[in-house]
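Number of protein chains: 2
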Amino acid sequence: MNAREKLIASCERTKSQLCIGLDIDPKRVPKSCGEGVKGMFQFAMKIIAATADIAAAYKPNMAFFEALGPEGLSLLKHIIGRIPPEAVIILDAKRGDIGNTAEFYAKSVFDLFKADWTTVNPYMGYDSVKPFLERKDKGAFILCLTSNAGAQDFQWQEIDHVPLYLHVARKAAAWNKDDTCGLVVGATYPDQIGPIREAAGDMPLLIPGIGAQGGDLEKAIRFGTANFTKPAVINVSRGVLYASEGEDFDKAARNEAIRLNDIISRLKNTPA
Amino acid sequence: MNAREKLIASCERTKSQLCIGLDIDPKRVPKSCGEGVKGMFQFAMKIIAATADIAAAYKPNMAFFEALGPEGLSLLKHIIGRIPPEAVIILDAKRGDIGNTAEFYAKSVFDLFKADWTTVNPYMGYDSVKPFLERKDKGAFILCLTSNAGAQDFQWQEIDHVPLYLHVARKAAAWNKDDTCGLVVGATYPDQIGPIREAAGDMPLLIPGIGAQGGDLEKAIRFGTANFTKPAVINVSRGVLYASEGEDFDKAARNEAIRLNDIISRLKNTPA
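In order, the protein sequences belong to chains X and G. Under the numbering used here, the letters of the first sequence match residues 621 to 892, in that order. Under the numbering used here, the letters of the second sequence match residues 621 to 892, in that order.
These are calculated hints, taken from the structure and not from any lab test. Worth double-checking, as some hints may not be accurate.
Identical copies go unnamed one by one, so any copy, or any two together, can satisfy a pair.
[To be verified] Straight-line Cα separation of at most 16 Å, EDC-like style, residue types lysine to aspartate or glutamate; simulated pairs:
hint, residue 1, residue 2
1, LYS797, ASP747
2, LYS635, ASP882
3, LYS756, ASP645
4, LYS727, GLU691
5, LYS791, GLU838
6, LYS666, ASP836
7, LYS647, GLU723
8, LYS635, GLU625
9, LYS797, ASP822
10, LYS839, ASP780
11, LYS839, GLU723
12, LYS635, GLU723
13, LYS839, ASP645
14, LYS727, ASP645
15, LYS850, GLU818
16, LYS658, GLU778
17, LYS734, ASP822
18, LYS797, ASP757
19, LYS647, ASP747
20, LYS651, GLU723
Since we're looking at a predicted model, the values are computed, not measured.
All chains, please: the whole structure from these sequences, using the hints.
Listed below in structure tokens is the structure:
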């Protein structure tokens with residue numbers, strides 16, 4: 621089973637297209653979890669325990685762990701080690717460097733941290749993403765149209781009347797020889813997801829921007845999955861992790877995940 | 621003294637425009653240095669000792685350390701801690717993420733690892749680089765035209781008859797309100813450096829691609845510094861680190877650094 625098949629199987633198993641982003645900000649960890657790195661670990665364990673049956677994937681973001689130095693990377697390894705093996709692990713790193721250096725990053729995310737998927741930045745072109753795409757049992761979501769305001773600075777710029785993000789989608793489709801490639805497409809630009817899905821063929825999409833960023837869940841899932849015929853996961857980070865600041869944070873996280881999954885299920889059972 | 625002034629001062633102090641890239645591949649560390657992480661540390665110490673008076677900057681690349689996990693980040697901290705404080709430290713990380721996440725990356729490179737400068741990827745636009753540029757005592761080299769073959773996939777694409785890399789240079793110049801911004805421009809595309817320098821104004825350039833990548837040192841330095849009137853450093857990694865595979869590796873590294881500096885000095889004393 622390659623990473624694409626694992627993603628599809630995990631969505632079927634959990635009847636969910638939800639990815640929970642583990643963006644653990646030490647300042648927002650409830651006091652009951654404890655202090656420092658131990659508190660972050662406890663918090664992650666409780667979030668995972670509360671959502672394991674309804675999250676197709678978990679997406680830790682490297683930045684939050686790297687900012688804590690060596691201890692942070694140990695924490696990340698421990699958290700990933702406790703995610704159920706059937707759940708998909710997307711290590712959000714947005715790496716991109718020249719070929720021989722990118723190989724070291726690929727080793728890091730796939731071999732050291734045991735991620736199924738990672739995220740990569742396309743700006744440096746094919747040789748910077750090749751070491752990730754060549755790993756036949758793994759996958760790389762290439763940043764295409766990101767969910768932030770800054771996406772407009774370059775991604776929206778038109779080359780021969782086609783925006784850069786669509787060029788990226790088309791190149792990625794051409795690079796995707798081993799079914800190891802996916803695309804990151806923000807829910808904050810819902811009307812752009814349709815054309816990207818068309819260029820992407822059967823590639824999985826990772827769709828962030830729901831919740832704190834205000835993206836459009838319904839359009840994102842309709843266009844992103846081409847009405848539930850193609851693989852896609854919707855990521856939510858802060859909206860689930862910090863659904864409550866109280867002691868009931870894990871219950872609140874579960875409820876928010878269920879609420880989002882219910883919206884998606886209703887769409888699935890309603891003709892477009 | 622901000623990071624830009626430190627860079628200029630360090631070039632003057634060393635009479636050099638050389639940046640030595642600390643891309644330490646454990647497989648290429650000479651046996652005499654010892655095994656594993658300790659061997660890498662010894663290797664770095666000997667390279668730094670052999671070049672401290674002739675290197676304006678050192679540029680460790682995060683990938684090589686991250687691939688070793690927590691131990692690798694400890695190693696990086698220890699190596700940076702032993703670089704003479706007057707030398708510029710450029711932590712090559714090529715990070716880029718949405719604003720609140722980018723802040724964690726900025727903390728990592730500047731506060732935890734104590735870098736003066738880092739490298740950032742522009743694909744996600746202004747809010748992804750802002751947390752780096754806002755640090756008035758620090759600096760960020762934005763990837764503009766990178767030295768690898770893949771640069772042609774997107775960076776060379778034309779928007780309104782202007783290649784994307786030149787749009788990046790112009791945006792960066794507009795974002796550079798606090799003199800905290802620089803650009804990465806590969807020596808492998810020497811004829812493109814002139815127009816980038818023009819767009820960049822007084823921003824420092826970080827120019828990789830000399831040595832293993834086959835870039836053009838003479839054009840790079842002429843165009844990159846606008847005939848020694850603007851700040852720029854030339855990076856060389858493998859060409860210096862692995863100048864010899866024998867026990868004399870540190871002497872060979874020094875000789876190679878001196879050889880490159882001599883070429884630059886001769887150019888300085890020869891009218892364009």
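Inset, instruction - Would you pick out the hints that fail for this structure and give their numbers low to high? - result: Violated: hints 3, 5, 6, 10, 11, 12, 13, 16, 17, 19, 20.
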